[in-house]
Amino acid sequence: MANLNLVQAINLALIQEMEKNPDIVLLGEDIGVNGGVFRVTEGLQKRFGEKRVFDTPLAESGIIGLSIGLAMGGLHPVPEIQFEGFLGPAYDQICSHAARMRSRTRGAFTVPMTIRIPVGGGIHAPELHSDSPEAIYAHTPGLKVVMPSSPYDAKGLLVAALREPDPVLYFEPKRIYRAFREEVPEDEYTLPIGKARTVCEGTDLTIVSWGASVIQCMQAIEKSGKSIELIDLRTIYPFDMDAVAESVRKTGRCVVVHEAPLTCGFGSEIAARIMEKCFLELEAPVQRVAGFDTTMPYYKLELDYLPDANRVTRAIEDCLAY
Amino acid sequence: MANLNLVQAINLALIQEMEKNPDIVLLGEDIGVNGGVFRVTEGLQKRFGEKRVFDTPLAESGIIGLSIGLAMGGLHPVPEIQFEGFLGPAYDQICSHAARMRSRTRGAFTVPMTIRIPVGGGIHAPELHSDSPEAIYAHTPGLKVVMPSSPYDAKGLLVAALREPDPVLYFEPKRIYRAFREEVPEDEYTLPIGKARTVCEGTDLTIVSWGASVIQCMQAIEKSGKSIELIDLRTIYPFDMDAVAESVRKTGRCVVVHEAPLTCGFGSEIAARIMEKCFLELEAPVQRVAGFDTTMPYYKLELDYLPDANRVTRAIEDCLAY
Amino acid sequence: MPITTAYEAKIERISILDEKGNFDDKLGKGLIPDADLVKLYEAMSSCRQLDQVAFRLQRSGRMGTYPQNMGQEATSLGAAYVLRKDDWMVTCYRENCGLFWRGVPKEAILLHWMGDERGNAMPKPHWVTPIYVPLGTQMLHAAGLTMAARYKGEDKIACTFFGDGASSEGDFHEACNFASNLKIPVVFVCQNNFWAISTPSKINSAAPTFAQRGLSYGMPCTQCDGNDLFATTYTMKKAVEYTRSTGLPSFVEMVTYRLGDHTTADDASRYRDKAEVDAWKARDPIIRVREYMKARKLWDDAKEAALATRIEEENAAAVARAEGIESPHRADFFDAMYAEIPQDLVVQRDTMQTHSLGQDPSQLPPEAQERARQMAADAAAAAHH
Amino acid sequence: MPITTAYEAKIERISILDEKGNFDDKLGKGLIPDADLVKLYEAMSSCRQLDQVAFRLQRSGRMGTYPQNMGQEATSLGAAYVLRKDDWMVTCYRENCGLFWRGVPKEAILLHWMGDERGNAMPKPHWVTPIYVPLGTQMLHAAGLTMAARYKGEDKIACTFFGDGASSEGDFHEACNFASNLKIPVVFVCQNNFWAISTPSKINSAAPTFAQRGLSYGMPCTQCDGNDLFATTYTMKKAVEYTRSTGLPSFVEMVTYRLGDHTTADDASRYRDKAEVDAWKARDPIIRVREYMKARKLWDDAKEAALATRIEEENAAAVARAEGIESPHRADFFDAMYAEIPQDLVVQRDTMQTHSLGQDPSQLPPEAQERARQMAADAAAAAHH
Ligand SMILES: Cc1ncc(C[n+]2csc(CCOP(=O)(O)OP(=O)(O)O)c2C)c(N)n1
Ligand SMILES: Cc1ncc(C[n+]2csc(CCOP(=O)(O)OP(=O)(O)O)c2C)c(N)n1
Ligand SMILES: [Mg+2]
Ligand SMILES: [Mg+2]
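Chains as they are written, first to last, in the numbering used here: chain A, 1 to 322; chain B, 323 to 644; chain C, 645 to 1029; chain D, 1030 to 1414.
Don't take each hint at face value.
Said to hold, decoys possible - Straight-line Cα separation of at most 25 angstroms, BS3-like style, residue types lysine-lysine; simulated pairs:
#, chain 1, residue 1, chain 2, residue 2
1, C, K654, D, K1039
2, B, K368, D, K1181
3, C, K827, C, K800
Think of the hints as simulated: they come from the structure by calculation, not from any bench.
Can you build the whole structure from these sequences, using the hints too?
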């Protein structure tokens, strides 16, 4: 057991899986000597050599397209996209190819690949360095979408992703890259993709969240003095609707929290499903605390944009009062 | 008044607005001499010259990037993307630039542009020629998203889009390009972006749909013998939640129908909002009849994928029985 | 010396057997053994005939949109002939002739255009990739496939084909740039057939050649007559030798012409002159080889007639196989999505519904449940019809 | 003639005032009038000092991530000096010196990096575009802006800047290709500073030059010493003349070096040698011009000292203006989204809530409504704090 932050937990997971599986290769902008702009791949090129950990030209479509070819050729590439804002140029390769290759070739070609992407706001970064596009990819059949909220989860989920036979977008909430540490076993463990975690149990209301927002939710719960159940989705697709529905059937009330814009954010899917599955048990409309339907503002105003504990608190209170 | 199909209605709208506004220019792959692969721009190059209607190199990011520059420079470009499946390469220019330019420059630069895109399935086309990505763009603040379901609407909405000071994605359901004709006034009229149309009134249940699916909904309603209100959203963003909520408050039941995959499709947003706005009036969970969460299959199976009148009927019956 | 030379480049154009029947002995002699030449000719003829069959299938509603390859047979065939059978061949949709030479069954290609994914389930031993509809995207995969092979110690190279139009896509640039900078042995072949649907190639490149697109990356670039099987073979041989021995990419432009419509959904007479098409018909790659073989007494009318019969039978059999395959089942598109299908998709597949009450009728009152069951059964029966 | 020449190209490299003080009279004489040279020198010096000020602002928490321009002043300045004031200049983020020459207020650039969109509200009369963070994307906008101007009968051209790294993006290719094929007069300037963050330029191009990236499109291409203000001026002059007179694009590579870290978030010592940096310090574009002016008696230490004082004051004033602007209000990011704000956004703005009960507390029981109002008031007060 080591006391690690999220960056270190990911680094450890990469090291351990690369040692086990020689087919894992890492590629991306500045991931080699520099260890990535967030230092997530620090030391890996030195350890595994330039053949397994290499810098690419500055072109995201190229990085993903090359990775798709590597995966079709039998490797498990782990491309890093430097910030989620630069997924844009790779959108077509991800959605038109990575997501479809198995289905369009009826399994003759597959794309086992783990795309690592720092995600989300709150770090005072320039434009296009603070977005949360997970819903876009959850709406694209053929992909799996993962977003851990703690070092322990980060390791277990990444190891699982690295063993997946299908493409996984592994979003790393950069706001909590170094925000806290926790005990992370050195020993091998995986967390199943598609299973949520109940962070704390409660009977008055359910909160569903994922990624860095889980922290704001915990703050709000602490403040509330109510018995609130917090479910961290951990994976956005496939998502653990059973866990959510079971909890809401018990509590009758639910708040969903995420950083992405409200409209068509993944919260809309969760809300719609809760209505479908818990209609008779619901005592209040599901409340969504989300980013606004605006471009993420430059950083002077980013804290006004991001859902914070106060907004979560307010939604909890309103939902309970209904 | 003329009896026009959807292709002709769009063609007419383009002609009339181009005659009024010399700043409108059309560009895209094969839109000139060939009049576009669907012949929507037929005759326009001849009529307005190669300066106003021109073929571009085969590169969608280039088409949109160039159009953004044209718009920043004071024109109103109308790029055509040949099929919605080829929006992928342009995703970054649309979402990182067109959608953000006004906000990131606080209005110093704006992008008045109407992107025309044939959309949806049902025409026996090859892969990536049958998708419905509207939710992706509805989740992207800064864009407006329009999808007509009839020749009359097509003209009125396109004229409105061509007068918009902000970027509009104008999706043209190719399945109904030539499926039927209706009376379309020669005279100028616009339909406001953001306002839905009540196709037929009813008291038992509300159906919300858009694009080609509206036709399947009408078939199902006819068959049902029930008093069903059909709302055609017409525009996906901004969307007319007032019209939807008002109807559902009256009927207490709702079915949403669209071609895009279920998860995080725009139906999820509508369902979530209905729950939020009509919680106490809802007598059954909102039902979503949508594409499955799979890649749109090649055409041998596409009719199994697309929501048809039977599936809508079934959802109506189930929702009413609840 | 304030003005110095930073870079110089020169691109050669290769032509061996021209449309007038001139044959360049220096380059052409011994290039293709006679026995091979006959087989290559037969392959081109067979591909051409299949094109006509496919056209008729489409016109009679037995096939969807189909892109004819007519006139371009010598491009991909020259490449396939030169490549090792285990080199990757990563193509677009107008390289049937090369794919068939590789051993790809004709019914696979037919099946694909009949709207069936099983046509894209390319068997591994042919080292070819599926048909690509999104243009310009496959060249990056070619680079990745080759890099993966090299990583595993195999000395494979790849050859990737794309059109004049596709070379305008950003991914084209990224693929060439990645291959050059990361030292991946890929031969990039731009098949310039002068048109991208209705768009003339000058709108996709105003430069004198498409071959020079490779100069950006410091690749050796060559242009050749793509309707000359000898030239495509010669040029590919040089490019493949260079790429295999150095481990570095190279670039080839094959100048050819699309004799048919873009696809069966297109009407080329809207945008190009008959005179242009006629001029190119005279440069047909198949005629050229036939005349050459006849002049060399390798071929005669009797052989031609026999071949025609054989081809017709073979291709009819391929059509029969493509049409004879059992219909796909709607469960297929669910089962093909992931190695292990998520539970939510299982429910969608098993109910063929997305609405929650359809997926879980137990939520309905008992009478309604019965009715829902009946409706589902009716729908299933209708679907099997 | 089976092997013919399809294309030939040659790229020249321009250098006028080298790092040892050699000056090429043939190219350089009369190129920059003395009075201008002094002003240009002052502009470079001022830009350099602002870089240091910005660095300190970032380190003391008064500014976010900032990319220093240090060492590259002569590239964009040469371009700005040559361009007409109403030509478009479409840059990335390391062209401050050129932008300031254009008249862009320094506080705009500072404000942008202070996380404030108002810094990007470039006033129209300068004909410059906002700072671009997504790399490689702006060149297409340059083409569009120019095409729009031509459409309106203005004979503007554009000059667009991008880095060695950015030239790997697909959009780079599409921009060059569109400009060339659609005949749009844009001068493409690749600012090769040898690094893209930690990635050496050879990973972004294995070719001998970046200049040859323009050959794909048949553009005239030139490489020049980007640390030599005379060379950048000369090269831009030729390129601009060509582009303005023909209406066709041209391509320039300026070879320079980033003397500082990539940004204030970077530590370049992790990936590059001090010796390399030191070698380039000796090639500093500012020192070169100063020594030349001193030799020509246009400059002396007293002038240098006076300039230093003036610059310090000017730049301090710019910082004061950037910091003195009233804080943005959170309503701003709603109001800036559309010409006319949709009703749903009005509600989000006015309530600063996305949850429906927060947006419409009237749905709550009366006591709860009161409490919600109170919470909203508290939150508003806290936010104004
Ligand atoms: C990314 C993308 N954009 C547009 C299309 C539509 N489309 C199909 S074929 C074609 C023209 C292709 O021209 P070229 O690359 O020269 O190949 P050719 O058909 O001439 O062999 C177009 C525009 C597509 N398939 N993919
Ligand atoms: C599309 C995109 N990908 C990645 C980044 C992150 N990034 C910012 S600067 C940079 C390096 C840029 O190198 P270059 O183009 O050579 O310009 P320089 O910084 O050297 O001036 C990278 C990778 C980005 N801003 N945009
Ligand atoms: Mg072509
Ligand atoms: Mg650089």
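Going down the list of hints, with the structure as the test:
1. C:K654 to D:K1039: holds, 9 angstroms
2. B:K368 to D:K1181: holds, 20 angstroms
3. C:K827 to C:K800: Holds, because 13 angstroms separates the two Cα atoms, which is no more than 25 angstroms.
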